[in-house]
Amino acid sequence: MTFLSVALVALSVAQDAEPRAWTIQVERVYTGTGRNLEKGLVLVSAGKISAVTPGAGEEDDRPNDVLKAYAVTAGLVDAGVRVTNWQSVEQSKEVTPHLRVADTLDPFALDWDRQLRGGVTTVLASPVDRNVIGGLSVVLKTGGPESIADRTVKADAVLRGSMGSEPSAGNHPAFGRPTDFFSRRPTTRMGVEWEWRNAFFDTALNLNEEDPGRATLVAALQGKLPIFIQAWTTQDIRTAVFLREEVESRPEFAAAGMNTPRFVIDAAAEAWKEPQLLARSQTPVVLPPFPTAGRTRENSQMAWNVAKVLKDAGVPFALSSHGSGDVEQRLANQAGYAMAGGLGFEDALAAVTSTPARLLGVEDRVGTLEVGKDADLVLWSGEPFQPGTRVVATIVDGVLRYEGWNAVQGAAIAR
Amino acid sequence: MTTTMKRATCAATLTAAFLSLSPEARAGDGRLAIKVGRIVTLAGPDIENGTIYIEGGRIVSVGTDGGRWDAEVIDHPELTAFPGWVEAHSTRGMDRPNENIEVAPFLDVRDSIDPINFYFEDCLRQGVLAINVQQGNLCAIGGQGRVVKPFGLTIEDMTLRPSSGLKIAIARPGRSRALQAQAVRRAFRDLRQHLEKLVQDKKEGKDTARREALFQGRDPDKDENKKGRAMEGNAPWKVANLESIPRGEVDEKQEPLLRLVEGKMMAFVACDGAISVVQALDIARENGFLANTVLVLDGDAWKAADRIAEAGVPVVLAPQLLHVDRDPITGKEVETFVPGIFREKKVRFALQSLNSSAQSLWFQAATCVGYGIPRDEAIAAATKVPADILRLGDRLGSIEKGKDGNILLLNGDPLAVTTSVQFVVLDGNVVYDRSKDVRVRQILEGVEQPNASAVDSGDGDDVDPHSGASKGGDKKSGASDKKKD
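First to last, the protein sequences are chains E and W. In terms of my numbering, the first sequence is residues 703 to 1117. In terms of my numbering, the second sequence is residues 7 to 491.
Bound-form chain W, shown alone (with noise of 0.2 angstroms):
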């Protein structure tokens, strides 16, 4: 079989198990009205025996009164309703995170994102419902991340904001930290020269720019592509006359990075020490971009926490929460907890997954209440902080009226190690429902799918998803297997 045929069929199952919508159901037109034994808004104090009602998707009403009844009901007393977690950053999902390229601003995780995932159902398995997924970090400029809800066959079903913010690495394992920090400031000098040869050639009567304009089929003369646009926003560097030039003019390769310098766009700027996160608070002023920057933490970065603080940027923290250093004279090995050190600082800080599955946010709030943090602070680093974060803080993060009709139920505690998501609700849907989920039963309870093999599934390490969704469908792909091969 092959992969195409291998994903299409993947794809055509899971639907299956993680409860497949009709067009119609998709819309977010339907009225849903959950009622639950308590309802954790992490907007003010718990609901016992609550009902959230949903309208189009978006929550209409949280409180205590029986509410509307010309809406479906989901009646659990026994469950716990909470607010999906929101994880600010992630490298997976994609087809593959990196690109060859050094300077690749106008790459898209668009292209990238892989619906049908691994990765995906996963975060509906552990109730994460908002992912940033970025570019990893071995370009220097990684091109556009984008927030998507881990549900839905398209990209665009699936994008909650487009564009969310560029990747930059500071740092690129295996290469020169000197050559990596030339880079990413040179892709901003490269910027600056396209705009200044632009004014340049205008003065001189070049039309080369509008033509490879018109070549990568933007047209110069539409009104948002017209004269004076061509930079805006409070850049601490001008390139003079640059109101001459129509924005329609500026190379697309480039667009996105100027985007950036006029304050329009965000940077997650991936930072694998003290040192890169000096080189990246200086970069993002150089090029006034410091306002939109979110720094991606890894290995002793927070070490800078008094930088950060300095700066006011917030920050994603490395998966492992709690940092070990050999003490170069004693050899003994240092533990901090770097959540710790952040709060300490007043620095905004969101977690991220340690892996998609048995380590995912909830597992990581928790360790951060083992350590001290206290519960409210440790659970709005996953659902209130990321969300503000990635600018969603009026969708995402809470059970209040207005947001995003996205629920989790659980039947317990949502730090314990015996809670799990029971239902998942996304923009008042029910997309997942936990005694069918046929994985979850592989996973947990070991149950051997028939002709499981292994499957290119993007991780490359997981069972095969579809052979047990169901015997007609199992007879189905084995038949079709055997006439391919």
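Bound conformation, chain E alone (with noise of 0.2 angstroms):
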């Protein structure tokens, strides 16, 4: 039976480390720049994208290696991945802004395998919330050699923090027992919040001069670092926009010049509830994965429209799987769902590659299939996103990196 699983098993990652010269012949180019192509190739060199022409099926003299597939898209990226555990937030303090979560990620993980499987090249790596803020996280390519450093995309690439009863799980009050370590603050979601505007305010009022985090948070109050917020509920939605609407307001923040943070509300489940209040204040949101019967973390009922709302109101998003390594879960999936709900097919591809990219701030190197970017590029054995179609092929920085396995025709790309 050990010849059966070696047989017949996907070839999980490529064996060759060097980017190739690739020609990409598929029936359908899916660029996620409105210009899309039916019968086109994809030529990459050097690990960059280096054309996306018409003309699929004709014979041609470059010596690059050909694969063949239904559709390409680029790289699918995601804001939200949830790749790290509890090693990865310092939990000593509530407030560790200055801790980056590439000192935590393991390069040999499997779950860098698990989302080249799914398509995706592009992650957003934070701490897990336990702490309110829990330090700086770090967006990364999902294949590449095996150091975090040289995987990296943007060191630092945004805020993480937390919002609702995540930050706070677990805490108790210290009386009526002997105090712990847990015996702390906060316990409760107005603990949470106060910890937020407590790091805001000294920092605005330079009240924290000897902290290590300071220099993080002045640049993410002035809008240099994203603020990615966890909140889940309509209730926790709610604290952090106007968290973020009282640094606009405040003279506090306008004297000392850090009155212009960008937020970015990350799970959040009940967008749906409120768009405008998202709307009004142009909050983009990351959306957790589609929950099978409405309801999600935190108690937070996730409508299965919650995208196409989100799209009408004029709200960016990016769809997220929360770094799922279920099939059914990935992030192509949710992009199906989010279709489900009414969302159009482009609407979906971005969600999925073009917006997280922005949101990020790689948006010059990612995103789309376009010249000169990098060559990451999912290949598709039907329509995108549908339950019908698998990845079969993912190459990032233009290696190929992952290579699926049909049940029936043995290769599941031709070559």
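You can take every hint at face value.
In silico DSBU-like cross-links for lysine-lysine, where the CA-CA straight-line distance does not exceed 35 angstroms: (1) E/770 <-> W/338; (2) W/442 <-> E/975; (3) W/228 <-> W/270; (4) E/770 <-> E/750; (5) E/770 <-> W/352; (6) W/208 <-> W/244; (7) E/770 <-> E/741; (8) W/407 <-> W/41; (9) E/856 <-> E/770; (10) E/1075 <-> W/338; (11) E/770 <-> W/351; (12) E/856 <-> W/338; (13) E/926 <-> E/1075; (14) W/259 <-> W/208; (15) E/750 <-> W/338; (16) E/926 <-> E/975; (17) W/228 <-> W/208; (18) W/259 <-> W/228.
Simulated from the structure, these hints should not be mistaken for lab results.
Please assemble the complex out of the two chains, which come individually in their own frames, going by the hints.
The following block contains the structure:
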């Protein structure tokens, strides 16, 4: 039986590490720029996209390796991938803005391969939300050299924190029993929000001169560093938006030149309830995976048309799989579920490529199929995001990092 | 409000949302003509602009001719007609799926199925029109399952086939493999000993079995219970002189197991891995029910695909179609697409839903297509094959003359993510209309219902199904709440 499992498995990682010159021949090129091609070629050289042209099927004398599939899109971007565990957050303080999650990431972890199998090539890795302000997230490629530094697209990309009950989960008030590490602030939603405001006001009023996180908070309040805040429920989304509006309107922040923070609400399951609130402040959101029975974490309710509601309201949004290794919960499926909720294909594509790339500030390198961008490509067996379509190959920086297996024909991609 | 009260209200409003049928209409003697843009018959080529004519709950004709017009007409040129999906095995929809008795062949899900469970409602919404409800895997012999339709307020209304098969679990989570396998084997040994004791007692002139039978309410003198019928079929083991025992004297706790050995009942044998498959096949051979065995697979059971092919039994696949193994040496994950293995080995396989809503049978079939299974085979694995496995192939699985009048009306390709079930016709009655489905709006559009709160609906994680059904109903139930309190 060992023979069987070796013979019939998906090849998880291709052997070569050098970027090759590729000619990708497909029926559909979905560039993500609005200009799609029927029967097109994407040419790759030196790890970059060198051409996107019509003309699949024609003989040519390029020395390139040829891959054929039904469709090609840019590599998917997940702005909410949850590949970190509790070791990614230093819990000796509630607010640790200066800590870098990059220092805790393991380039050998299996999560990266799982993402490659689902066509995800760029992710935002964040500390888990056990702190109110957990630290600095990093944007990195899912395939590449086995070193986090070499895979990094953007270090210190965003400041990560959380509203809601998660940062206070497990903490308890001190009275009644001997104090321990967890009898500490915050123990309530109020306490969590107070930590945010405390950190922001201290920064604006320069009361935290000694704090190693001060420079990070200054950059965040000046809008140089996006602030990703987890907020599942309407209640917590409101708290985050009102916090932002408070920073924008209070004289203390204006006087310090720190009144232009850029907020992104992460895991905003209930964003559909008050889209006008997000539209008013043009606060982008990252949506969590669609739940199967309506309700998801923090007892929030996530409607299947949430993406369409946000689209109609003019709120920028990205989709996320939260790093699930389950086949049916991968990022491409999330795009499909958003379509089931009424979102159009192009908008669904944007929500898993160009929009998250823009939210993370890496749109100059990834997110669309354009000449000069990183050769991060996903090859599909059919129309992308349909459950009957799968990722047949994933290319990162010109290197074939995942090649699927077809249960009937053997190779999933034609050469 | 007590649980019973909640259930009662829930039931009442569900029928409102899911189209109540008057008793006359339920009889299935109505005539219905369904005109659609496309009929996917699964019994030949698709038919463009066709009409399905249903009478007495059965399909009378399928074709392009206008048919007879003495029927109620459903005319939807924009929709596609598709046969209902068939769930070959499910442990949902019950009060609780497991009993605390190790060997319980006498139990029947009939007494456990909750007709107003959210699961059945969701099945209807997803177009799953036949479900083999079976016990869970915590007993050695779990009891008898039942094939039901997801509509009706009583078990009898819902039933397609009673006592569809016995649930047997070769391994049980948290228990040693040896102990569980032994428990299954012992169940058959106990049956044999019981039969031998009946013969022995008869020889010694004791009539305890007869008295016990009368006590249990069975008359051993009735025709079907009479002498000479105590064991039929080709069981590999026989009990000498069993002919002298009237069937009615066999203990009712043992009788279903005897029916299995006689080949009169099917066995749905849960195998959590390859090792369980080998044990399951051995036990089935030893006791003569291999021909009636369906293996319900999980984990790495696919690694025994050769053995399964050799035994010629069909399988119901685990909902996780992609099995992930960790290579013990490299630590890397190795993915195997399970349906591909069974297709290659020419084993008949049926798919199972991953859950009742987002990843129902259509999704599973679509996933198969993504991994290279030809489309017709993938669809068959959730329609025809499970219908055949459940021995209901003459009634379910395709749109053909003579089959049950079960039709889904879809607004697109059956396997597309954007497609949804618009209408369900069950036994010739329209039992679901998406435009009147309150909960689909809650799930899809997030329509908040006033007073929405958690409700005890069996699955526990759902929003209140009845608060939004109608304003009048709302006020009423609110008022009765207060009175109760």
